[in-house]
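Undergrad: So the sequences go chain by chain: A and B. Heads up: take any position in the first sequence, counting from 1, add 15, and you land on the numbering used here. Heads up: take any position in the second sequence, counting from 1, add 15, and you land on the numbering used here.
If you're looking for bench data, these hints aren't it; they were derived computationally from the structure. For clarity, every value in this text was computed on a predicted model and none was experimentally measured. Fair warning: there could be bad hints in the mix.
Note that identical chains are pooled: a pair holds if it fits in a single copy or bridges any two copies.
Unchecked claim - Below 25 Å or equal to it, Euclidean Cα-Cα: the simulated BS3-like pairs (lysine-lysine) are:
1) K233 to K27
2) K79 to K224
3) K315 to K233
4) K208 to K153
5) K153 to K289
6) K315 to K79
7) K315 to K27
8) K315 to K213
9) K58 to K153
10) K224 to K315
11) K280 to K224
12) K208 to K79
13) K233 to K34
14) K58 to K79
There are 2 protein chains.
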Amino acid sequence: PSSSSHSPMIEKEIPAAEKPRTFLREVDENTSNSSDVRARFEKMIREAQDSVCAAIEAADGGGKFKEDVWSRPGGGGGISRVLQDGAVWEKAGVNVSVVYGIMPPDAYRAAKPTENGDVKPGPIPFFAAGISSVLHPKNPFAPTLHFNYRYFETDAPKDVPGAPRQWWFGGGTDLTPAYIFDEDVKHFHQVQKTTCDKFNSDFYPRFKKWCDDYFYIKHRGERRGLGGIFFDDLNAYDQDMLLAFATECANSVIPAYIPIIERRKDTPFTERHKAWQQLRRGRYVEFNLVYDRGTTFGLKTGGRIESILVSLPLTARWEYDHQPEEGSEEWNLLDACINPREWV
Amino acid sequence: PSSSSHSPMIEKEIPAAEKPRTFLREVDENTSNSSDVRARFEKMIREAQDSVCAAIEAADGGGKFKEDVWSRPGGGGGISRVLQDGAVWEKAGVNVSVVYGIMPPDAYRAAKPTENGDVKPGPIPFFAAGISSVLHPKNPFAPTLHFNYRYFETDAPKDVPGAPRQWWFGGGTDLTPAYIFDEDVKHFHQVQKTTCDKFNSDFYPRFKKWCDDYFYIKHRGERRGLGGIFFDDLNAYDQDMLLAFATECANSVIPAYIPIIERRKDTPFTERHKAWQQLRRGRYVEFNLVYDRGTTFGLKTGGRIESILVSLPLTARWEYDHQPEEGSEEWNLLDACINPREWV
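Next comes chain A alone, as it looks inside the complex:
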């Protein structure tokens, strides 16, 4: 490979001075049903970004988000907000983006590997909009939170006349503590369940298991954290219902997470606790760079690198052959990452 062989599948982004009303292409601002979902989803994620950032700044009590707006000449763009070295959070990123792109066959696999053995490989135009956030606190007893809600459409395949465009929703919210406080994890999962149950009583058990499966670090035989909910390629339901569900999930981030942070942010800790948190952040890096679909998809399609990798912690650590002492608090966390538990 060389610089010249770096062929991004989407255009290079350009910094923008101001936030546009919409990142959609003009042609998508008409009233066809598909465009309507695109526009409503963009509005939802931008409102969620505002409300989550406001809540994080209020809870941090010191740090402020830095905002970067960018767009692409052919349509699409995004708003990245990062709070670094705050009072409570070491690094907190909340991004929204709208992407018009061409999927290379391998990135298409990364975005949608299942149920598609029948799709012929070949570049496929796609639309993607999403909100993505990772919040890494400083205190080792305060957990990391990740959430991401996204809407995807591919164009109708040109070589299959009459075939429809595909659409699907994906997303999830999951918790990654370095130490377990049962009441925290139960509260977190209960909020996910309550949100799911408003729409479909199958959702929580199904998406909880999907989350445990998805965040599996195969080479370690353990999960990144203690899960939550995760779903992808979701289209076997009414589109309006799924849009409402994704909206409700995004709106439940604050009540699921902030009460835990308030309880743990000032807990005294030692170097041992900090080192363990740093080791678990190393695992976070391993998962995101090796397995995470959004990350690998973004790296392959030439997305905005700083936005994609804002999910990585400010600092991480790898010790050779570290083994927590059996029965210790660290061992308890690791055990729960190896053998997922039912929390509600």
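Since the structure of chain A is already known, use the hints to place chain B on it.
TA: Quick look at chain B alone, frame taken from chain A:
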């Protein structure tokens, strides 16, 4: 994925109390030419491990290597040596391993992606032996060194009667400083060139460029470090000559690296220098987890994880959108990672 879907292509390793004379299968200890190369290569890498570890301990003046020996019931095994938190090195790993395995199609691509469009996918038994080392110093002015020399053989394909087994050599030695001292980089590259020139005057220019190409972090548009030499899939030469070449390369690690460490290990530094070193170590992690063939091959085939990931630094850092000031020392390093230079 779940625990049960974790299907390593090689058996689980077992800790061993003592180092065996050889990790080869008994059947490979006879005198056929192929086995002879296997045995001679194993002897070479084990001697190189001893001499490099002795030189590192002497230069460190405090830290000692911890040794782990492991083997697999069906043959093969390895010796991992790690020095952690020494006086000079933060983390230094020097591993040798001998692996008998079955290549899954995707790992086969990771191990040998070129010139093999014609090889039918399907599990292929292979033999691999190698020495692999990453040495991360504490001082931000003292560079990280990586070297790896390996010998590969696949079995003759069963479904193509008369087709021979394949063999090839791979490897390289490369330098990753956080700050450039011209005399250091020139010395390092001069040693590589002198070593190469003893065998073939084409080797240094060809392997220097190969190294610049290989350690390219595509999503960043920059290289991991300042290169050295790299080659892979090398078999278009006499096998004995390539074995002698790999041996000479391994033996040149100490004279190429230790004089640089002696000059830089005690250089005074500030928090700014340390933070930049940590950011560059973040890039090191990105390259190894996303692109490095040995790492991705090892993770996919179910290799010994702690040995594979000993290459990761003890600590690393990711700041959002960090840009070194134009004209600064940090900018100079980044420029050399983006635009490779000729050092000799």
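Undergrad: Each hint needs a verdict: does it hold in this structure or not?
TA: Structure-based check of each hint:
no., hint, result
1, K233 to K27, "between (33 Å within a copy, 14 Å between copies)"
2, K79 to K224, "neither (35 Å within a copy, 45 Å between copies)"
3, K315 to K233, "both (21 Å within a copy, 9 Å between copies)"
4, K208 to K153, "neither (28 Å within a copy, 47 Å between copies)"
5, K153 to K289, "both (9 Å within a copy, 20 Å between copies)"
6, K315 to K79, "neither (31 Å within a copy, 41 Å between copies)"
7, K315 to K27, "within (13 Å within a copy, 32 Å between copies)"
8, K315 to K213, "neither (37 Å within a copy, 40 Å between copies)"
9, K58 to K153, "neither (31 Å within a copy, 48 Å between copies)"
10, K224 to K315, "between (28 Å within a copy, 24 Å between copies)"
11, K280 to K224, "neither (29 Å within a copy, 50 Å between copies)"
12, K208 to K79, "neither (31 Å within a copy, 51 Å between copies)"
13, K233 to K34, "neither (40 Å within a copy, 29 Å between copies)"
14, K58 to K79, "within (23 Å within a copy, 59 Å between copies)"
When held up to the earlier numbered hints, the structure conflicts with 2, 4, 6, 8, 9, 11, 12, 13 and fits the remainder.
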